[in-house]
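Peer 1: Using the hints, put the two standalone chains together into the complex.
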Amino acid sequence: MPLQRPFAQVDVFTAQPYLGNPLAVVLDGAGLNDAQMQGFARWTNLSETTFVLPPTPEAAAQGADYRVRIFTPGGELPFAGHPTLGSCHAWLEAGGTPQAQDRIVQECTKGLVQICRDGTRLAFAAPTFQRKNPSPGLLAQVAHALGLTAKQIISAQHLSNGTDWLGVLVDDRQTVLQLQPDHPALKNLGVKVGVAAVDTARAAPDLIASKLEVRAFASLNGIQEDPVTGSLNASLAQWLIADEYMPASYVVHQGTCIQREGRIHIRQDASGQVWVGGDSVTCIRGTATI
Amino acid sequence: MRQRRFKQVDVFTAQPYLGNPLAVVLDGSELSTEEMQSFARWTNLSETTFLLPPSPEAAAQGADYRVRIFTPGDELPFAGHPTLGSCHAWLQAGGVPQNEGLIVQECAKGLVPLRRDGTRLAFAAPSLQRSAPDAALIARVAAALGLQPAQIRAAQWLNNGPTWLGLLLDSMDTVLALQPDATALKGLAPGVGVAGMDAAPAAPDLIVRSNREARAFGARDAGTSTADDDTPSVEVRFFAPDIGVLEDPVTGSFNASLAQWLIADGIAPARYVAAQGTCIGRAGRVFITQDAQDQVWVGGDSVTCIDGQVTL
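As given, the protein sequences belong to chains A and B, one line each in that order. Reminder that position 182 of the first sequence reads as 182 in the working numbering, one-by-one numbering, no gaps. Reminder that position 184 of the second sequence reads as 184 in the working numbering, one-by-one numbering, no gaps.
Derived from the structure by calculation, the hints contain no laboratory data. None of these values were measured; they are calculated from a predicted model. Heads up, the beta-carbon is just placed ideally off N, CA and C, and yes, glycines get one too. Some hints could be false.
As the list claims (entries may be wrong) - Incomplete in silico selection of chain B near chain A, CB under 10 Å: (1) ALA23; (2) SER38; (3) LEU76; (4) TRP157; (5) TRP261; (6) CYS279; (7) THR304; (8) GLY308; (9) LEU312.
Claimed, not checked - FRET-style restraints, in silico, Cβ to Cβ: (10) A:PRO184 with B:ASP134: 23 to 31 Å; (11) A:GLY137 with B:GLN309: 51 to 59 Å; (12) A:LEU177 with B:THR311: 57 to 65 Å; (13) B:GLN3 with A:GLY111: 31 to 39 Å.
Same shape as in the complex, but just chain B (with noise of 0.2 Å):
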C-alpha cells in the first residue's frame, strides 16, 4: 500500500454538492481489480474510478488517459458522470491533451472524445439503438410511477451501452410531482427515466425547424435562445430500484440517450439545459448539443469538493 493522490469531484453542477459525486484515484497503477473493487464498495459511491496511462495500441490513437470504472458491485465499460468527473480531475491534476480542445479517454468500452468548452467538458453520445417498447409494458411503469396513460407522451427502450425506458411526459409539473413506488417498479425495466418539457420556447413545429436550422448551420450559432443562457428546458428524473438506486441525482447516460432521442424525433431543439435530481435536493444541469455532424455531446460542470491522499 502506499499513498495515491485522490480527489471526490461533484459531476454536472457548478455548485458544490448539488450534483453527482465520484471518487477519482488518480494513480492507479499496479492495483488489481479486486483492489480496485474493494475500494469502489468502500467509498460507497454510485462510481469510484482509477486513472491509468493509456495502453500503446489505444495512445497511438491518441488516447490522453485510461480510465477503469467501478460501482459498489461491478467494473463498467462506460459511464457519464464517471467520464466528465475523471477528464476534470485528471486536467486538474495538471493532464495536458495532445489536442487542446479534444481530449481523448480510453476504457473498457473503447475511445471517447471529450471536449471543451469554456469550464464545461462534455462527452460525445455513444451510438444509440432504439425501439417501441409494448404497450402493457407501459401500462405497468404508469402505475408504479402513478401517471395516468394520458400524461404519456412517448416510450422507447433507449441502449447505448446499458439499456433505460424512457419516458416522455405532458410537462415539467408531471415529472416533478411523480411519487414512485419503487416496488412496484422493480423487475419492470433495469431503468427508468422521465422527462417533461417547457412548454414555452415554441410550438412543435417551430421545435423541429430549430432543429433542421441547427443541423444546417451548426448547433452552435444556431440554438434557440433558450439555450443560451442556463435556465433548464427539460427536466429528468431516473429511478433504478433494481439496482438500489431509488433515484439517481444525475444520469450521464440516460441524458446522453434521451438526447439522441428527443432531437431526432423533433420532439427538442438541438441545444438545451436539462435539469436533474431536484426531487432530492439536487441541482444537477446537463447541458445538451448536437453538432453540425448530428455527434451529440452530453456536457456539464465539474467541482472538486475533498482533495488528498488515498492509502490503497
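Here chain A stands alone, though its shape is the one from the complex (with noise of 0.2 Å):
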C-alpha cells in the first residue's frame, strides 16, 4: 500500500529560487525497495531524486546522522555533489538535529561524507581524487568538438572522483561563454567535459583572481549541458588550488548560458582540505504519493 511520505523540491548552489540545480528529496524512503526508488527518481526527470533513511547501525557508530541514497533517471550513483547538499538542507528544515553542532555527517554508498555548516550555506569534503594528463590526440579532438584552438587551451587533465571529468581550463571567461559544443561529437569521444576560465575583470590588479566561470558538458549522461555541478567543481578546485590556478578561497559561477545564476563556494581549510559550499532553497513542499 503507497504510503504519504514528506517531500521537497530543492534548488541547490543558489539562494535565488530557480537560478539553480533542482533536487527531488523523498524525506522518508523506508520499506521502499530499489525498484519503487528508480521508478520515481525516473518519473521526476531531474538529474537526480534522492530518499532519505535512518542511518546503518555501523554506520551511526561512526557519527552518521542520516543516510541517503541518491538515483538518476537511469541508476544509482553511490556519491554526487548536489544531492548532498540538497538532501542536508532538507533533513534540517524537516528537523534533523545532528549529533555535532556544526557539523552533519552522511551515509551515502561511497562512505560517510561530512558536511560542515557555514552561517546559511552548507559544504560538503571534497572526496580524494585522482588526475592526469589526457592524451594529446583526445585533447585534440575535444578542442575541436568545443571549436577551440589550441592557444586558448591553458592546461587540461583528466579527473576522478568516482566521477569522471576531463578538466579544461581556457584563457578567457568569454571563450567559456561564447561555446558552442559538437554535443554529439563529445558524445562518441567518450567524455565529459567541463570548461573553466579564471574571470579576471573584476580582480584589482595586485589581487590574485577570486571567481571562475564554469560549464558542463554531460551528453554522455543525456545531459548536454549540466547547471551547476558538485562531483565537477570539487575536483577542479583540487586541481586549480594545487596548480596555483585559483586562491585557496574563490566563488564559481556555472549555468549562466543556460539561463540559471549557480554560485559555488570553495574553500580550502588550513589542513589542505577543499570544501564545496553553495546555499540551498526550498521551492516545493508536500507529500509524494509512493
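Peer 2: Below, the structure is given as C-alpha cells:
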C-alpha cells in the first residue's frame, strides 16, 4: 500500500529560487525497494532524486546522522555533490538534529561524507581525487568539438573522484561563455567535459582572481549542459588550487548560458581539505504518494 | 513570492509513475510569463501548467477555468496530457464545473470541452488536417527506424496544432521491437509516431462495419467487444529527437490525430484502447471513443503523486 511521504524539491547552489540545480528529496524512504526508488526517480525527470533513511547501525556508530540513496533517472550513484547539499538542507529543515552542532555526517553508498555549516550555507568535504594528463590526440579532438584553438587552452586534466571529467582550463571567461559545443561529437569521444576560465575582469591588479566561470557538458549521460555541478567543481578546485591557478578560496559561476545563476563557494582549510559549498532553497513542499 | 497550491500528476495511467508526469500550479494569478517559463524550465518536465480564472469573454461562453501550458523552452497553445492532468487537478482541488458532465477549459488555442467518463476524463480531439508524405521521406524515416518497406502499411502527415508524421506498421510486435537511430531521425519530422494494431479483433471488413455501426448507433453502445475491457488493441510509440525528446512516454496530441486518421479510414474501430511507453518502463493507456457526431474523444486516468505548496 503506497504511503504519503514527506517530500521537498530543493534548488541547490543558489539563494534565488529557480536559478540553481533542482533536486527531489523523499524525506522518508523507509520500506521502499530499489525498483520503487528507481521508478520515482525516472518519473521526476530531474538529474537526481534522493531518499533519506536512518543510518545503518555501523554508520551510526561512526557518527552518521542520516543515510541517503541517490538516483538519476537511469541508475543509482554512490555519491554526488548537489544531491548531498540538497538532501542535507531538506533533512535539517525537516527537523533533523546532527550529533555535532556544525558538522553533519551523511552516510551514502560511497561511505561517510562530512558536511559543515557555514552560516546559511552547507559545504561538503571534496572526496579524494586522482588526476592525469590527457593524451594530446584526445585533447585535440575535444578542442575541435568545443570549437577551441590550441592556444586558447591553458591546461587540461583527467579528473576522477568517483565521477570522471575532462577538465579544460581556457584563457578567458568570454571563451567559456561563447562555446557552442558539438554535443554528439563530445558524446562519441566518450568524455564529459568541464570548461573553466579565471575571471580576471573583477580582480584588482594586485589581487589573485577569486572567481571562476564554469560550464559542464555531459552528453554522455544524456545532459547536454548541466546547470551546476558539484562533483566537477570539487575536482576542479583540488586541481586549480594545487597548481596555483586559483587561490584557496573562490566563487564559481555556472549555468550562465542556460539562464541559471549557480554559485559554488570553494574553500581550502588549513589542513588542505577542500570544501564545496552553496546555498539551497526549498521550492516545493508537500507529500509524495509512493 | 508566496505559497501556492501545487500538484504533480501522472496522466494516462491509473498506476502511479507509469504515465506521463505534469506539474500543476493551482493558482497562477499574478505571475508574469517570465516567472511561469522559469519555473517550467526548472521542473524539467515535458509540461508545466498554471491554472487561472477564465477571462470574462471565455467565462461568458461557459469556460470553467483557464490554463497556460509551458514546456521547459516555450509556451504551447494546447496540448493533450496537460489538458487531462490540469482538469484532474482542478476538480480534485474543489473546482465545480458549470455543467456536471462537461468541463470547459480555456487555453491559448481557445475553448476545449472535456467530459467525465467514470474516473476518466477525455478531451475533444481538435480538428485535423492530413496529407500524404512523399515516398522519399518515408524511405528515410523507415531507414532511421530500422523498418523494411513492407512493414509500413500506411503513412500520413497529421496536423492538429502540432504536425507529426504518423506511420501505421504491420503489427504491435514490430512497434515494440523498433530501435530507432535518433541521429538519423533528426531533421526528418518534428515528431514521428508509430502505431501497430492487434491482428486479432477482426478482419478489415469487420472493423469497417463496426465503425459504421458505431456511427449509426453511437459509439458508447456499439463498441466492439474488445473495447469494453482495457486490453490495448493499438501499440503506440512517439519519437521527437528534434525537440530533445528521444521517446515520449504518452502523447495526447499524437493519439488524437492518429485516432481521427485510423477511424476515418476504417482501419480502427470507433472505440479502442492504445498502449504507449511500454519500451521505456511506462504503461500509458489512452482511451479513444468516437461519438455519434463523429467527434473523437481522447481519454485517460490521472493520479496525483505529489501534493503540496510551491513558493512562486
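Peer 1: Against which earlier hints does the structure fall short, listed by number upward?
Peer 2: Structure breaks hints 3, 4, 5, 6 and 12.
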